[in-house]
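Protein chains in written order, with the numbering used here: chain A, 1 to 404; chain B, 1 to 239.
FYI, nobody ran anything at the bench for these hints, they're computed from the structure. In this text, a Cβ means the ideal position worked out from N, Cα and C, and glycines have one as well. A portion of the hints provided could be inaccurate.
These stretches of chain A come out as covered by chain B in the derived footprint (C-beta under 8 Å, 3 or more residues) [stated by the list, open to error]: (1) 20-26; (2) 91-100.
Sample of chain A residues with no beta-carbon within 10 Å of chain B, all distances over it, derived [as the list claims (entries may be wrong)]: (3) P14; (4) E46; (5) G137; (6) E142; (7) I153; (8) E214; (9) E253; (10) D267; (11) R283; (12) I366; (13) A385; (14) S388.
As a plain string of letters, each chain reads:
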Amino acid sequence: MDRFSEIRSRWFSPLQMLELDACTRCRECVDACPVVRAGLPDGAMERIAGWRRLGTPSSRLILKLVKTPSSELDRVALFSSLFRCTSCGACAVVCESGIACAPLWESMMGAGREMGFADAAIEQIAGTVVQDRNPFGGSDGERGAWIPAGARIADVAPIGLFVGCTTAFRQPELGQAALRILERSGTGFCMLGETESCCGSILFRTGSWTEYRETVLAMIEDLRARGVQTLLVLCAGCLKTIALDWPRVYGGELPFRPVPFAVFLRDLIQEKKLRFGAGEALRVAYHDPCHGGRQLMHRLGRDWVFEAPREVLAAIPGLEVVEFARNREHQVCCGAGGGVKAGDPDLALRIAREKVAAVDGMDAAIIASTCPFCRRNLDDARERAGSSVEVLDVVQLADRMMVR
Amino acid sequence: MSVHAFFPGLLVWILLIATSLICVVGLYRLVSGYGHGRPGRFLAVWAHEAFRDGPGVFLRALVLDVLLFRRVWRRSRRRWAVHMAMFWVFVVLGGFVLLSIVALVFAYLDPAGIGGAFAGYVKNLKLPYSLSGYVLVAASGAALARRLLVREVRERTRLSDLFLVGSVFVIGATGMVAEWFSGFDLVVGPGMKNWDLALQVLSLHIYAVFLLFVMMIPWSRFRHIVTSPLLLLARRGGD
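With the rest of the complex left out, here is chain A (with noise of 0.2 Å):
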């Protein structure tokens, strides 16, 4: 077995070789794709060629004969396009074989990193992750200190809450509301704390969480021993790493069910909980995060990852809900997911600038979303544009108006 095919064997799974094989070229991935209608070049069609060119001795032959690229100048343009994807999952909703792309992607960067061809930011924020468990090289005492003094947090409790590196280190804000919300409706919750690491999503979505086995192991086995049964996450990425990915790492089911935040909200409306106050009237519009909503509908049902969240802000007295013309599965990336914000800012705030002029249009005053990290981009993306939109957590708009 040559290197190629060892490598190859070791990132790609039976079903992605055949995707490998699947794709029809009928281009409604380039169409879908936002990091394409940012400009770059090559949307799924081509990587998805550009790895068969690869790996293909017959097919370089042919490419002898035609003249087109060299194999060295493909690769690098294939690898380019691969770190430039915001890992949104929109081609595959859109591919009229059914491939699954973004996990295929995944593969494809394991693979190429292998391969030697990283990306430098990339693979510094992922060196940085591995050796702080968090993406911003924060400590462990600067990740606890957003959690307020006297806070009730139990150290065994049947619900866990896991916060996510995004909140802990930049946005204490939304863990702060999420901790008022929990302590409002008397729900008895533990956390990992200080404890907690990255739940290794940016490892995970550029191929390189292998050398991350172990603090996720440690993160699972800690739920476990607190008797964790229900793990609320605040946060799309992590959520979808914990549902998707971890299982691949335990080896099985994990010994909790990760649960959107949204959902635990829209129960405690359900059950009277939670009751708000009259508010102004104001327009909403919703963003649906890609890692918690059609990357998770699958695994998670679409009344969790796509009504529950509209749900919520439909039970606030004086919101009114719109959707974005694309919505749901067929939502518009924000242009954060992938190492894209780290490896590419401008790229990220290029993609979010598009979302942030759709919501101008709408009369929106607010973008509401379940994923901080969404969050994060379209706000700065909405700083850069000067536009008024307010850009929130749902967390943060029903904490707002609860009734205290």
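Chain B: place on chain A using the hints.
Chain B in isolation, oriented as in the chain A frame:
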């Protein structure tokens, strides 16, 4: 003299067997590659995934997604029409070709003196052959024109894309023209009847079918005819 009444000679039989063997070897090689050298591994994973949600879901994906192209329908009605036309014409023609081969063998062997009935069946295939030919040429012609004339499609077209659509067009067009010269065509009628020319074009048609399609399925992008349905079934329609 038309395709359905053509009695294959030794050369055609050799062509048929050789190209079919090349096709089978290619398919084995593909499956082996998907299983990283172990075809059994791939088939086991595929079967596990395809039937994971039960036979009902498998059947639904087979009918709606594989046979009726539901995912294409959702994206583009125009492309759905082209796909349906090409796929079903190939299925119908392929089915009739297989039946014709069986009928020709029985006509030759003449078991219990009923060989004439089989020969009659083969001759009566002129209706589906004529109709299929027009549908195939129209659909593949439209796809070829799109590849050549629409700028944004042309810019992303590779040689392999042109081979794919071009082959189908050549197969359809040679079959259609052979029907015209045979005098059996339902639209043109006997006006263009020219047996010698019909035989020559028919030979081209048969060579095109086996050399540009049957043999090339696993060795070209035609392989999506096999892989795309397999994937749709394994992903249970992708929903």
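Against the structure, the hints:
Check on the segment 20-26 of chain A: 6 of its residues sit with their Cβ under 8 Å from a Cβ of chain B, so the three-residue criterion for coverage holds. Figure legend: the segment 91-100 of chain A, annotated as covered by chain B; annotation consistent (8 residues with Cβ-Cβ distances under 8 Å, at least 3 required). A beta-carbon of chain B is positioned within 10 Å of the beta-carbon of P14/A; the least distance is around 4 Å. Separation of E46/A from chain B is inadequate, the least Cβ-Cβ distance of about 8 Å not exceeding the 10 Å criterion.
In this structure G137/A is separated from chain B by more than 10 Å, as the shortest Cβ-Cβ distance comes to about 39 Å. With a minimum CB-CB distance of about 43 Å to chain B, E142/A clears the 10 Å threshold, and the non-interface call stands. For I153/A, the shortest C-beta to C-beta distance to chain B comes to about 39 Å, beyond the 10 Å cut-off, and the non-interface label holds. Consistency note on E214/A: stated as away from chain B, and its beta-carbon is indeed over 10 Å from all of that chain's, at 27 Å minimum.
Distance check for E253/A against chain B: the nearest CB is about 15 Å away, which clears 10 Å, and the non-interface claim stands. Its beta-carbon lying about 26 Å from the closest one in chain B, D267/A satisfies the requirement of being farther than 10 Å from that chain. Chain B leaves R283/A outside its interface by the beta-carbon criterion, the shortest separation being 30 Å against a cut-off of 10 Å. Here I366/A stays apart from chain B, with its beta-carbon at least about 31 Å from theirs, past the 10 Å limit.
Every CB of chain B lies more than 10 Å from the CB of A385/A, the least distance being 29 Å, so the non-interface label holds. The Cβ of S388/A sits about 37 Å from the closest Cβ of chain B, beyond the 10 Å cut-off, so the non-interface label holds.
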